[in-house]
Amino acid sequence: MPLIEVSRLTKVYQVPLRQPGFTGAALSLVRPSYKAVTAVDGIDFTIQAGEMVGYIGPNGAGKSTTIKLLCGVLAPTSGSVSVGGLDPHRRRMENARRIGLVYGQRSQLLWDLPVRETFYLLRRIYQVPESTYRENLADFGRTFEIDAVWDTPVRLLSLGQRMRAELAAALIHSPPIVYLDEPTIGLDVLAKSRIREFLRQMNRRRGTTVILTTHDLRDVEEVCDRIIMIHQGRLVYDGALEGLRGTFGERCTLTLELEEAAGGAVAPEVALDDDVRLIKADGKRVELAFDRRRISAPEVIARACAVLPVRDLVLRETDLESVVKQVYGGNGIENGNGNGEGRGGGEP
Amino acid sequence: MNVLTNFIPLPGPLRYLAYTRAAVARVLAYRVNFWMGAVGTVLGMTIQYYLWTAIYHGEDGALAGYGAVEALTYVILGQALQGFLHPEGDPLGRKVRDGSIAVDLARPADWQWVVFWDYLGGSLFRWLTTGVPAMVLFTVVGAVAAPPSLGAFLVFLVSAFLGFVLLFAWHFLFGLLSFWTKGGGLIDLKATAVSLFSGALVPLEFYPPGLRRMAMALPFRGIYYLPLSIYTGRLGAGEAAGALGWQAAWAVGLFLMARVLWRRATRSLVIHGG
Ligand SMILES: Nc1ncnc2c1ncn2[C@@H]1O[C@H](COP(=O)(O)OP(=O)(O)O)[C@@H](O)[C@H]1O
Ligand SMILES: [Mg+2]
Numbered sequence: 050m051p052l053i054e055v056s057r058l059t060k061v062y063q064v065p066l067r068q069p070g071f072t073g074a075a076l077s078l079v080r081p082s083y084k085a086v087t088a089v090d091g092i093d094f095t096i097q098a099g100e101m102v103g104y105i106g107p108n109g110a111g112k113s114t115t116i117k118l119l120c121g122v123l124a125p126t127s128g129s130v131s132v133g134g135l136d137p138h139r140r141r142m143e144n145a146r147r148i149g150l151v152y153g154q155r156s157q158l159l160w161d162l163p164v165r166e167t168f169y170l171l172r173r174i175y176q177v178p179e180s181t182y183r184e185n186l187a188d189f190g191r192t193f194e195i196d197a198v199w200d201t202p203v204r205l206l207s208l209g210q211r212m213r214a215e216l217a218a219a220l221i222h223s224p225p226i227v228y229l230d231e232p233t234i235g236l237d238v239l240a241k242s243r244i245r246e247f248l249r250q251m252n253r254r255r256g257t258t259v260i261l262t263t264h265d266l267r268d269v270e271e272v273c274d275r276i277i278m279i280h281q282g283r284l285v286y287d288g289a290l291e292g293l294r295g296t297f298g299e300r301c302t303l304t305l306e307l308e309e310a311a312g313g314a315v316a317p318e319v320a321l322d323d324d325v326r327l328i329k330a331d332g333k334r335v336e337l338a339f340d341r342r343r344i345s346a347p348e349v350i351a352r353a354c355a356v357l358p359v360r361d362l363v364l365r366e367t368d369l370e371s372v373v374k375q376v377y378g379g380n381g382i383e384n385g386n387g388n389g390e391g392r393g394g395g396e397p
Numbered sequence: 200m201n202v203l204t205n206f207i208p209l210p211g212p213l214r215y216l217a218y219t220r221a222a223v224a225r226v227l228a229y230r231v232n233f234w235m236g237a238v239g240t241v242l243g244m245t246i247q248y249y250l251w252t253a254i255y256h257g258e259d260g261a262l263a264g265y266g267a268v269e270a271l272t273y274v275i276l277g278q279a280l281q282g283f284l285h286p287e288g289d290p291l292g293r294k295v296r297d298g299s300i301a302v303d304l305a306r307p308a309d310w311q312w313v314v315f316w317d318y319l320g321g322s323l324f325r326w327l328t329t330g331v332p333a334m335v336l337f338t339v340v341g342a343v344a345a346p347p348s349l350g351a352f353l354v355f356l357v358s359a360f361l362g363f364v365l366l367f368a369w370h371f372l373f374g375l376l377s378f379w380t381k382g383g384g385l386i387d388l389k390a391t392a393v394s395l396f397s398g399a400l401v402p403l404e405f406y407p408p409g410l411r412r413m414a415m416a417l418p419f420r421g422i423y424y425l426p427l428s429i430y431t432g433r434l435g436a437g438e439a440a441g442a443l444g445w446q447a448a449w450a451v452g453l454f455l456m457a458r459v460l461w462r463r464a465t466r467s468l469v470i471h472g473g
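Protein sequences, first through last, are from chains X and F.
Going by this note's numbering, the first residue of the first sequence is number 50, and it counts up by one from there.
Going by this note's numbering, the first residue of the second sequence is number 200, and it counts up by one from there.
It is worth saying that the hints were derived from the structure and are not from the lab.
We treat Cβ as the ideally placed atom computed from N, Cα and C, and that holds for glycine.
Be aware that one or more of the hints could be misleading.
Beyond 12 angstroms from chain X on every Cβ pair, some chain F residues (computed) [said to hold, decoys possible]:
#1 A267
#2 A301
#3 A392
#4 E404
Across the chosen pairs, the derived CB separations fall in these ranges [as the list claims (entries may be wrong)]:
#5 X:L135 <-> F:V231: 23 to 31 angstroms
#6 F:L336 <-> X:G70: 50 to 58 angstroms
#7 F:G292 <-> X:S207: 23 to 31 angstroms
#8 X:G235 <-> F:V231: 27 to 35 angstroms
#9 X:G91 <-> F:M413: 48 to 56 angstroms
#10 X:L327 <-> F:G292: 50 to 58 angstroms
#11 F:D387 <-> X:W199: 41 to 49 angstroms
#12 X:E179 <-> F:G266: 52 to 60 angstroms
Simulated coverage check for chain X against chain F, where a stretch passes if three residues somewhere in it have a Cβ under 8 angstroms from a Cβ of chain F [as the list claims (entries may be wrong)]:
#13 83–93
#14 146–156
#15 159–168
Given the sequences, and given the hints that come with them, work out the whole structure.
Here you go:
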């Protein structure tokens, strides 16, 4: 039996519309009008205990809304969620005892008070046994350097320190399920990799089920064994990371600006083998994608310059937006319902 | 399913005191605010003293049945209680505006109790640290009368607490209504009703008959008028017991009403931001 089952899950927000002008404002007082925004649109998936799932999609895709539905903070408009056999909204308190949650964009720490006060509060609210509390604090204390900020008011922490404290706070009661909504947002590379390492360890040692939303491809590559991708509230991919390897593998995009438009015609010559792929060649602009682990950037640039009249170039990492675009736009998504070998899906 | 079997047993109600403690710590974290509030309270009490001394100047008898000392005791204690029974309080406004309600709801805690114990912490602490010492001072210098007996004083404490519960339930109800209306006008109405009908500023006997009858019929007099009347000794033991029962009935009634409304609100609740 899967740990988490989501079926035909839909959430529609009613956003109040403001008519322009004074009359409009007065009118909306009497008879407010609303626009329906479908943030989550008929999503299905199942997750087994112990999975590490990356829940990804561009901004506004509906990731945070899904997390709130899974936590029971929001009620679904239609469809259902079941976590360990419970409806998380109707049985919110029971469900809350076995989940840990980090909202990347919002703090759960007591903002005006030293870090220790949050831990004191959480220990009481979750009734964490003394021994578990000490063990966990010793464990996270080392990884997240909680000792160093124990007496510092939360509002004075750096973003990295705060995020580490958020994670420790979310895990202090040893929850078997952890939801992380963009936990690495705004962190530097070192801090990110430390968090990823910790999540992998926690999953291995305690069998914690982790659902992680992000728009950082590295998080997904290094932490998750499965990804669920959504776009405009709809599920567009559910399966192993390998299924997207072709798209993810090309981690770099090189955009060339040419001296003359005619150069575009010879562009395919740069992309002779699998290492470099031609994405676009129109007029003076040529876009190439390549995997930095298989061919170095200077090599690609040298190859391009040898055959093309290059005037200028820009090199950047492929971002999630373009991955989603490629998956969603091209790679044969049937019925908007994923084409991967969904690990949790379909089992009894 | 073994991951879910190591459940922590259902936590007891005392765990909410952690929110009370955090609220006290929050008051202490902003010392300047705290001292400004303290100075404001003492200043307000002093102004009431001069105002009502002037009102009774050259007046031998009683006004609306109140002698000078009883009136002074009533209004000055009323002022001292403002930090505890805050007419314009908005215990859930901040939590809704900044979206921290989303954090509270992800925890195994009843939200109404969370807000209650949190609000009680700040209010009670402010009162104990400023209103109470100021009241002692005003009593020692003879500006106000002490309560008639220790018993009356203890009954007053219970009554003031019931007033707090009543006021909290009222604030909570209106806070929930603003989920739907999103308007500020409602907030003004809420505070005006308390200021006008609770007897926070003037004993209700001073009101014109029509307004007075209205105030006596509404539940708000349970917030200031009843506890203050117990303190001044206007209500004898029997009447005080009746007053406590009346307060308790309204406090519990409004609290339960707020609870029902909250249950409904949670289905259509929308939380702002990421
Ligand atoms: N409280 C809200 N009220 C109205 N619309 C909302 C609210 N929260 C989110 N939305 C809308 O729902 C969509 C999905 O938002 P969200 O779940 O936050 O996406 P993500 O986390 O993937 O960026 C967006 O179009 C957003 O504008
Ligand atoms: Mg989000």
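Verification of the hints:
No Cβ of chain X comes within 12 angstroms of the Cβ of A267 (chain F); the nearest lies about 44 angstroms off, and the non-interface call holds. Against the 12 angstroms criterion, A301 (chain F) falls within the reach of chain X, whose nearest CB is about 5 angstroms from its own CB. Residue placement check: A392 (chain F) keeps its beta carbon more than 12 angstroms from all beta carbons of chain X (closest about 21 angstroms). The Cβ of E404 (chain F) sits about 39 angstroms from the closest Cβ of chain X, beyond the 12 angstroms cut-off, so the non-interface label holds.
Range check, L135 (chain X) to V231 (chain F): Cβ separation about 46 angstroms, and the 23 to 31 angstroms hint is violated. At about 56 angstroms, the beta-carbon gap between L336 (chain F) and G70 (chain X) stays in the expected band of 50 to 58 angstroms. Checking the proposed 23 to 31 angstroms range against G292 (chain F) and S207 (chain X) shows it holds: the Cβ atoms sit about 30 angstroms from each other. In this structure the hint that G235 (chain X) and V231 (chain F) lie 27 to 35 angstroms apart at CB holds, the actual value being about 31 angstroms.
Checked against the given bound of 48 to 56 angstroms, the beta carbons of G91 (chain X) and M413 (chain F), roughly 54 angstroms apart, stay inside it. Checked against the hint of 50 to 58 angstroms, the C-beta distance between L327 (chain X) and G292 (chain F) comes to roughly 57 angstroms, which is consistent with it. Here the CB-CB span from D387 (chain F) to W199 (chain X) is close to 43 angstroms, well matched to the stated 41 to 49 angstroms. A beta carbon spacing of about 58 angstroms between E179 (chain X) and G266 (chain F) agrees with the range 52 to 60 angstroms that was offered as a hint.
For the stretch 83–93 of chain X, the stated coverage by chain F is violated: 0 residues have a C-beta nearer than 8 angstroms to a C-beta of that chain, whereas at least 3 were required. Requiring three or more residues with a Cβ within less than 8 angstroms of a Cβ of chain F, the coverage given for the stretch 146–156 of chain X holds, as 9 such residues are present. Counting residues of the stretch 159–168 of chain X whose beta carbon lies closer than 8 angstroms to any beta carbon of chain F gives 4, which reaches the threshold of three, so the coverage claim holds.
Hints 2, 5, 13 from the list above are not met by this structure, while the remaining hints are.
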